[in-house]
Amino acid sequence: EAGVAQSPRYKIIEKRQSVAFWCNPISGHATLYWYQQILGQGPKLLIQFQNNGVVDDSQLPKDRFSAERLKGVDSTLKIQPAKLEDSAVYLCASSRNRGLGEKLFFGSGTQLSVL
Amino acid sequence: EDQVTQSPEALRLQEGESSSLNCSYTVSGLRGLFWYRQDPGKGPEFLFTLYSAGEEKEKERLKATLTKKESFLHITAPKPEDSATYLCAVQAGDYKLSFGAGTTVTVRA
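Chains A and B, in that order, are what the protein sequence lines are.
Quick note on numbering: the first sequence equals residues 1 to 115 in the numbering used here.
Quick note on numbering: the second sequence equals residues 116 to 224 in the numbering used here.
Accuracy of the hints is not assured; some may be wrong.
[As the list claims (entries may be wrong)] Within a straight-line C-alpha distance of at most 30 angstroms, the following computed DSSO-like cross-link-like pairs (lysine-lysine) qualify:
| hint | chain 1 | residue 1 | chain 2 | residue 2 |
| --- | --- | --- | --- | --- |
| 1 | A | K11 | B | K194 |
| 2 | B | K184 | A | K11 |
| 3 | A | K78 | B | K184 |
| 4 | A | K78 | B | K174 |
| 5 | A | K11 | B | K211 |
| 6 | B | K194 | A | K103 |
[Stated by the list, open to error] Reference listing, derived: stretches of chain A covered by chain B, where coverage requires no fewer than 3 residues with Cβ under 8 angstroms from a Cβ of chain B:
| hint | stretch |
| --- | --- |
| 7 | 14-20 |
| 8 | 67-78 |
Because the hints were derived from the structure by calculation, they are not lab data.
Note that the coordinates shown come from a computational prediction; the quantities given were computed from them, not determined experimentally.
We treat Cβ as the ideally placed atom computed from N, Cα and C, and that holds for glycine.
All chains, full assembly: derive it from the sequences and hints.
Here it is in structure tokens:
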């Protein structure tokens, strides 16, 4: 089966600019996640969707980050305006559902550099 | 707040030299402990889920074990292709995964 698709693969922007990332999860997966992974750290959950509803966005910096999942399938994550500390890899993941032991399938991520 | 600490940060092994990685955790109501492997430039890839103390799971040269406070990932007779970052994550009552920073393993031929 096809994996989680993300684009772009790399993005370089200047601070205060805006950027958007796209994710297409595995077909049939109800739960979609966006993680931020700063170099040398583990992934940190930004937002979790169940179908097209938000389940958890407690760690999303809502003054600059936004995300949506249209029709419960594809998702976009936007940063506006970007700060230097937003430089990281943004990983999208999906799982069949949300619950005990559900394993996540990750995309290869978008590496963002903010100059 | 859930805390996951992995040690060591980095591990350099000779091919065939067995070793263990540690994941210690503080979590309220552990539902499951996960191990993932991450190769450079890729997203994490699922390895194991452990649910209760005393449980063990194996896959090729890897074996994961769980106690009430920590988990170990044992690598037996590693090969260069086992070089990767190994991430530990805990799933708590809200089903959210909290990841550790990982252990980067380098296996030299």
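Status of the hints after comparison with the structure:
With a C-alpha separation of about 34 angstroms, the suggested pairing of A:K11 with B:K194 is violated against the 30 angstroms cut-off. For the proposed pair B:K184 and A:K11, the alpha carbon gap of about 40 angstroms is over 30 angstroms, so the pair is violated. With a CA separation close to 38 angstroms, the supplied pair A:K78 and B:K184 exceeds the 30 angstroms bound. For the hint linking A:K78 to B:K174, the alpha-carbon distance of about 38 angstroms lies beyond 30 angstroms, and the restraint is violated.
At roughly 28 angstroms between alpha-carbon atoms, A:K11 and B:K211 fall within 30 angstroms of each other, so this suggested pair holds. With a C-alpha separation of about 26 angstroms, the suggested pair B:K194 and A:K103 falls inside the 30 angstroms cut-off, and the hint holds. Look at the stretch 14-20 of chain A against chain B: 0 of its residues bring a Cβ nearer than 8 angstroms to a Cβ of that chain, fewer than three, so the hint is violated. Taking a C-beta to C-beta cut-off of 8 angstroms, the stretch 67-78 of chain A contributes 0 residues in contact with chain B, too few for the three needed, and the coverage statement is violated.
Going down the numbered hints, you'll see the structure goes against 1, 2, 3, 4, 7, 8, while the others check out.
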